[in-house]
Amino acid sequence: MWTGNLNAVVEQKSRASIAFGSALSLAVAPLLVVLLSLRDELQELGHYSSAHVPLALLLAESLKFVFAAARPEVPYLKDAKLPKIRKATKFRLRDFFKCLIFLPTCVGAYFVALVLFGAPIINQYEETFMLSLLLTILTIFPSCFHAGVDPTMSILTGSRKFSGDKTMETLQQHIFLTLFGTWCGAIAIPLDWDRPWQAWPVPCCLGALAGYTFSHMLTLIKLLPFLAMRIARKTKY
Amino acid sequence: MGVRYGLFMLWISYLVCGGALLFGRGFLLSREARVERTKCQPYQHIPCGPLESGHSGSEHGCTPRQRLASLALDLNSSNRACPPARAKVVVLLIDALRFDFAWTNLDSEPEPDAPSYTNRLPAITRMLRQQPKRSRLYQFIADPPTTTLQRLKGLTTGSLPTFIDVGSNFATPEINEDNLIDQLVSHGGKAVLLGDDTWAQLYPKRWLRSLALPSFNTWDLDTVDNAVKARLPEELEKKDWQLLVAHFLGVDHCGHRYGPLHSEMVRKLTEMNQVIEDTLQTLDNDTVLFVIGDHGMTITGDHGGETDAEVTAAMFMYSPYDLMSPPELLSPRTVRQVDFVPTVSSILGLPPPYSNLGAIILNSLPFSGDSNIPFNDWQFALINLWANVKQVTKYIQHYSLISDQFPIEKIDSIEKKFIILSHRVQSIYNERAFYSFATDAREFLIDVRSMCQEVWIQFDSFSMSRGLLMIFLTIFFCYMIVDGIPPERFPEIFQSSYLLYSYGAMFFAVLFSVGCYYFSLIERLGLTILFSTGVVSVFMLSMLVIQNWEVISQNWYETTRRKDWVDLSARASLAFSTCALFSNSYIVEEGAVLSYLLLSLLVVLSYSSGIPKILYPLLICTATPLAASRFYKVCREEQGECYYKNEDTGQTSPMHLVTGLASLALLVILTRLWLRSCGNLVSHDAILWRYAPTVAAVCTGGYWVASWSPHKVSWRADSIARLVFGILAVSIIVLIIKPLSIFVLPKQNDSVSVYGQDNIVPQLFNQMKGLFNKHSLNNKRQANTPVVYGLATVYSAAFVMLTVCVTLLISLVLGARSAPSIILLFATGASMLAMLAVNRYHTSTSLAQLLTVDNCSIQCWVLLSVYYFYGTGHQAALSSIQWGAAFVGTGGHFTFNAVPAILVIANTFGAQFLAGLCIPLLVLAPFPMFVMWGHPSRHSSKVDIQRGELMLYERETMLMAAMFSTSTKYILFHSVRMFVCMLAATVHCRHLMVWKIFAPKMIFEGISLMITLIAVLISYFILLRIHSRLSVFIAKLNRES
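These protein sequences, in sequence, are chains A and B.
Be aware that the first sequence starts at 62, since it is given in the working numbering, and climbs by one per residue.
Be aware that the second sequence starts at 15, since it is given in the working numbering, and climbs by one per residue.
By construction, these hints were calculated from the structure, which means they are not laboratory data.
Just so we're clear, the structure is a prediction, and the values are computed from it rather than from any experiment.
Here a beta-carbon is modelled for each residue, glycine too, at the ideal position from N, C-alpha and C.
Keep in mind that the hints are not guaranteed to be accurate.
[To be verified] Computed beta-carbon distance windows for the label pairs: (1) E187(A) / W563(B): 57 to 63 Å; (2) I248(A) / G529(B): 53 to 59 Å; (3) I292(A) / A642(B): 56 to 62 Å; (4) E187(A) / Q653(B): 28 to 34 Å.
One chain only, chain A, in its complex shape (with noise of 0.2 Å):
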């Protein structure tokens, strides 16, 4: 039933890569935390120090992003009748360099915003550039290279409605519920416990790592009906 029509062809494969992207964060995410609580760096992230760790959220990103550029491309799609799509999931060169432009433009909007929002603005800067670094790679990076810089805005500034659109869907679902965790990791600043890990911006940090994990655990969940189709077919031919 899903190779039916075009646009069945069309979800068929952005889900496969859609759920290849969610499972490698739902293993890298989780992985980096308990590594970094192993070796007692967690109070770590808000420094350079623990530059790796937003690294290698970059990496993970980029793979999914190969491995769904790197798909073999559907026959049909190859026809006119689907040009935005196309666009979305073709890689071209003026994009790059517009995204080049648009990712740090964004780590800068994140820093100011963390700030309106609250964070030190002398002193701790280092932690709050962290932070900002830590959320671009993980909302903005990934929606920019697997949609293009103009749907991301549109996403941000909430100006279009995505339905219909399940890789926009989804994109948008990461972003917010990743902001969402940033925003209730604050919560836990406050709190007299005198953890460590309570420093600005450990629990921020922690919080979008936990949203991005749980929103990467909910798109599994819903593909789950089309993964197990997929493999029951498989082992039919």
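Please arrange chain B on chain A, whose structure you already have, making use of the hints.
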């Protein structure tokens, strides 16, 4: 119609305030601190022999021994002389030394399952066995609140300190009541302090030497103790003191950190045992040792409340002389902490402090080693005991003169007993008579103390629960009425006679209470009136809800079916911000939490509005001043590092002055531009509107500069400040009398020429447009249609002017340093109003909807008002009140106490007042925005508001209903916060932090609620005033044309 809404709001405000007051009465125990001292002369100065007649000439020859002998002969005059000292005193205060830490039962084998802290102070037990005549161990019962500061106060003044000791100094914890240390110092004694710096705070500059160490870090078990241990032997060697206090904190800190069962506690107790042992070794022959705990701890190591584990401390004493051993009845095993003061006083030869309520512990009085004392020990004890009794009676008599806290019958019976005792005391000639007298005297003293305890120590749970219930039910029913019933049905309900009946019923409730009071069926009139009217009101409100139940349920059913993210997040933020009041760390950080929530809410609002392109810039305009106000926040003591950082920066620097002046200038110029372009400054009556803010701002700047400059020009500075107060007061009064800032163009004028002027963009309402259409057709009619400036913003302009005046007033009181913060509030509020207005204009489909302020906007406004309490440099702690505000324009000379009180309240709660005054602007905002800028987006709007606020005048019922619903919801949201504060204080009334964090928070919240209520009511009645003046004006206009 409008007045009826106003009355209803007044009613609600009364109920909410009543509930809060009722609760506060039960919860905040208060006592007046008296500053009198007990005085006595050294016995060397008293006359020789019995005081029969004027022997003043022949006294020089007698020895001290003879003088003393005369003391015992005439007891009633004996308390004029200080009794001779018996010994010096060393007090080892081991914080949180619970009784079972000290008590060791050596007779039986230790039980295997005994807690690990038992038997860790064998030094005490050993002394008790070896020297039973010279050592005592008591259960040492503390009076709640069992926090160290209050306990130290109790252990030195002999009184029962409450949370608020009226008349004591709020700004510093220094004790101004009579106390042991002051008595010692004033009689030429010397005292030495080692340990906790709370002592140094309570008694600054009283010590011969002091080693005061910070007690803040409860996780540090050893620093203080080690320092004290190192200094103690050296101090014991020196002989120049009469009283040595060594305060060890380790046991208490260990309790806080690990609890009493932890192995660290064993270590600390063993360490303490060593300290006691060493001290006993080095103690010389005329020094008495006391080892006391100021309170106990619960099984989790906390203290502050009144459970047995918290109040049962231990007191061990050892004397080098034998101690008195009166009969069983007079040798209790359990003593109160207040008893410590008169006992130590008598050992040191001091009179008991003026407000002492304790009774001398007879069996811990040492026999005197001084052979010069000519009388028996029981006579000696009698002198002390009788001085004690007289002092307590005198205190109670004086106290009951200034306060009616004590029941009259009780006072009468105390006086009677005292008279009997004073007769008996004259005829005591042997030890047995003394003991019998002492038993009665002791009973008397205990009686007095327990009376005071009832009044000062116990929470009045009756008042507390009724207060909570009253405020809760009021909020509950009121919210149902205001939120459940759609605004278009309000006129129907409020015009019915039902509300009149309610007010009538309340009136009868008052009459009934007065009647009961008149026939002396009840004692407290105020309380009964509050209670009876409360019951009647809640009943009537509930009836109103039941009457309209159908509408409410239907309306709520419809709203729950709509899935509205913004509304949901508004509710969530309300829930979150109120739940945060249950956590002490969130209260400490509340400023940051509130701005975080406010910004989150605004982000959700603009994201889901559908017009982010317009709202995002406005959002940034709102968020920037909000974030900038962070620079004006101060920290409270609990915030540690940050608190000590901002301690030394109290001075105003030139930089502060410049920012202050610039922000004032900005405020005045921008609001003037706004009003001018609205056409509200054209009128002849608007001279004050044009110039008052400018002049006031300039004068304020002058005042700041004058009071900042190092030359003494304070009297001139004060007169400038008074000038500002005068100008602003006059403009506010004029504003209320003449609230219309409109200008009718004289008819002779050629309206075309005015219209051509571009620099004044006059706001003309629709008739004006029509006029021009008809101009070519009908020249005659043109003369009849009046041209009015500023009519389209007639309501909002008055409020803009009012808020500018109030902002200037508050900035003057805040001072140059933190004045920019209130202007930041103005900026945040203005851009937030624009955001909310644009959003509402965009989403509403009818005028009724445009006038309905949603919960989210109100919640935003509540968050704003509460946040800017912190944003203007305040904290909910008594020590952070800025008393300096009382000197603005008064120079410290107060004829009325109300003046400084008002100034300090204006300084502290200015933000709440300003936010409350702006409530009508929440409703009005879309109209002036539209008039100034036209459609917010290219979408053709569904609502036509071309004619600005004149439309509102024409739809009076709608406007009033909207205004009422918004104001009431605002009041209710604030009341919810108050209710939660009260609940938190109740839940945490045994919490360690209750007197430091929860109770002050509740007090501040309560005052801010009252300020808010006043501001909202004032703003509502000003709106009514504008409305009525406008209707007069329009009627006149219609008559003329």
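Each hint, compared with the structure:
| no. | hint | in the structure |
| --- | --- | --- |
| 1 | E187(A) / W563(B): 57 to 63 Å | holds (59 Å) |
| 2 | I248(A) / G529(B): 53 to 59 Å | holds (55 Å) |
| 3 | I292(A) / A642(B): 56 to 62 Å | holds (57 Å) |
| 4 | E187(A) / Q653(B): 28 to 34 Å | violated (22 Å) |
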